[in-house]
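Starting from the known structure of chain G, arrange chain C on it as the hints suggest.
There are 2 protein chains.
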Amino acid sequence: MAKIAVLGYGTVGSGVVEVLETNAASITKKAGEAVEVKYVLDLRDFPGDPIQEKIVHDVDIIINDPEVSVVVEVMGGVEPACTFVKKALEAGKSVCTSNKALVAAHGPELIAMAKEKNINFMFEASVGGGIPIIRPLNQCLTADEVTQVTGILNGTTNYILTKMSKEGCSYDETLKEAQALGYAERNPEADVEGHDACRKIAILTSLYTGKTVKFEEITTEGITKISTADFKYAEKLGCVVKLLGTSRRDGDKVYAMTAPFMINASHPLYNVNDVINGVYVNGNMVGSLMFIGAGAGKLPTASAVVADIVDCVKHSGTNVATIWSSEKLELGATDDEVRSFFVRVKGDDEAAAKAAFGNIEVVKVEGIDGEFGFVTAEMSEKAYKEAAAKVEVINMIRLDKTVL
Amino acid sequence: MAKIAVLGYGTVGSGVVEVLETNAASITKKAGEAVEVKYVLDLRDFPGDPIQEKIVHDVDIIINDPEVSVVVEVMGGVEPACTFVKKALEAGKSVCTSNKALVAAHGPELIAMAKEKNINFMFEASVGGGIPIIRPLNQCLTADEVTQVTGILNGTTNYILTKMSKEGCSYDETLKEAQALGYAERNPEADVEGHDACRKIAILTSLYTGKTVKFEEITTEGITKISTADFKYAEKLGCVVKLLGTSRRDGDKVYAMTAPFMINASHPLYNVNDVINGVYVNGNMVGSLMFIGAGAGKLPTASAVVADIVDCVKHSGTNVATIWSSEKLELGATDDEVRSFFVRVKGDDEAAAKAAFGNIEVVKVEGIDGEFGFVTAEMSEKAYKEAAAKVEVINMIRLDKTVL
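Line order of the protein sequences matches chains G and C.
Just so you know, the first sequence maps onto residues 444 to 847 in this note's numbering.
Just so you know, the second sequence maps onto residues 444 to 847 in this note's numbering.
Some clues are possibly wrong.
What the hints assert, rightly or not - Label pairs and their in silico Cβ distance ranges: (1) 561/G x 464/C: 31 to 41 Å; (2) 792/C x 464/G: 49 to 59 Å; (3) 761/C x 472/G: 46 to 56 Å; (4) 561/G x 628/C: 20 to 30 Å.
To be verified - Straight line, CA to CA, 30 Å or less: simulated BS3-like cross-link-like pairs of lysine-lysine: (5) 675/C x 679/G; (6) 606/C x 679/G; (7) 654/C x 530/C; (8) 797/G x 844/G.
What the hints assert, rightly or not - Among chain G residues calculated to face chain C with C-beta under 10 Å, some are: (9) 466; (10) 522; (11) 573; (12) 586; (13) 719; (14) 731; (15) 737; (16) 743; (17) 745; (18) 757.
Hints listed in this document are in silico derivations from the structure and should not be mistaken for laboratory results.
Every residue gets a Cβ at the ideal spot worked out from N, C-alpha and C, and that includes glycine.
Okay, chain G solo, but in the shape it has when bound (with noise of 0.2 Å):
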């Protein structure tokens, strides 16, 4: 029998409790041995809960049992969780997370304390929900150099873009009613400001190269600007408007960038709507893979941790590496980056946008006045900024043209 003890008893957390008792016979055969939850650590108390009888609100209680082997963090943000995470690692405890604040912010130090203790450190939920994507960077495309991963990382974005391409709506009505739905937190910011996605595109571009990326350093942009008529433009060009966190090797740079683009029918993503995220990963002998699947909500994000727990048990004694060293990688810089940019001016001087720009394919959208957008041939982020200057932009969304 493993102990477990269970930081936090939100939504996450009450979903591990939850998959561990619904699959508790097919969790036993798989981890060699019945899971339990001997703690679950809250603020709160849960009176009349059965849960009741495991809450503590010490955590030195979890860590000073020698029983417990496996303590899970899902209480998210970076402390005090980096805190309990590393009292458990260093008490000889492995730890399975769904916090991509902390992976995002201290990664490879867990990982070598860990890995010094010949226990482990294990975060499977805390990029895609519960869709497997890292496993499979760490465990599966071993035989491949990784050369580029694509991402619709952020459910809550992929939900409000999905709703307001659908049915017309605005992003601040959109956005209030995945409020009402729970879709999204009362302060959206980190998810619409493109800061989720980001530390998880960072965690998977450290994943694939084996160093250190800081997503601060990540050229970052969120959806509050993206309006109904970049829609309307966008249904002209055949193309929706996705959250997309992207990275991609060119020869010894890595360039990654949160940010919205405009994608067509033939991208692998296309497709990927409401709260589902997908993540295109390709290899240089593999080629492309999709994986896709629900990228939050409690028994998906929960069926991660949970998976994870089951590792961690059934490898009780062993570190499983994880290749993710402290050392920093220093990314491309984002104006060295070439791409097409959709861009909308005010007015109706083509010949100045074709001055500044140079070739472009003219959009309008009956019913939008007073403006018109275009597409720019492929140019430098630099070479943009520069002809950007040169006219009046409304908005601006990059064009990304991956195909499977």
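For chain C alone, kept in the frame of chain G given last:
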């Protein structure tokens, strides 16, 4: 330095050598030591090719060399592959294979032999080519009870069906073209009759149930009866025709089938075209997942084989558990399966069709005369057969209504 031997220098075998050479540095890092091909077993010689110095014609040279720790079986076919694999396992060498015929026929026996010797028998490349699907089922979805697996598991037939659908060519014409391009074998029976896809769904179903599915017991139909007329009806219905390998749990029964199905645009496999494979998996906690990628081809398949080699080298001295016992899984009777059917009948007697099938949705295609098509309500296969006996059926294609 880990020394390995490759049995068979065909497409996949030469791909394995190429992957190991191309990505030698990163593979060494991930495996923990360099991986060197010491022998290649083949009936042929390859004069002038650098591989020639490693060629041996007698498998016992490999079996009797204690330096060889991993044997890679990429010959295909059940014999002599099975004999060679057993010899290798008995000699304490881990085995990696891409051979679905071998795995479907002898999987649990070879897994048990590896476990007893504390070595490994791995077969990621046997299903879905380069797509990670065996390891995700074995090691990622451990928190879930898998309830359904439905996949496009054969690249040859998907290429043929995609081309017939998009270009309106006949089956015979398209098959010839696929043969000329090397996408189909000169004797295409294993692919076009569904035998290959049947073995793959047998393997996947065995893995998620932990018991042995006898592939001979899976109802299997190929694509040879699919005509251009069928595609015209499909188009009218907003559908495409795909060869699916599918199995699902229903209570304590598991139903499995390989057959052409009509699927509409909401189906997660609708856009999986050409030689690409896709696998839909549903878990009772994680919900719907999709894995998409190159299902065949030299380097993608070799990528999966080499990932297994890396795992074997990394886990030298440890058996990575695969739960697949030799206990036979009794499949539910196909007669009891319930779904909708698309049916084409001779003549124009819609009333007779309604009398036989009950509520139907009639479909007519301009230019196709002397017949009509219809879609039935959901009914059992048994009820379908009874109704079909009362009319003159030209062709029948089942509908699959999986949604993400």
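Quiz item: Against the structure shown, which of the earlier numbered hints fail to hold, in ascending order?
Solution: Checked against the structure, the hints that fail are numbers 3, 4 and 10, while the rest are satisfied.
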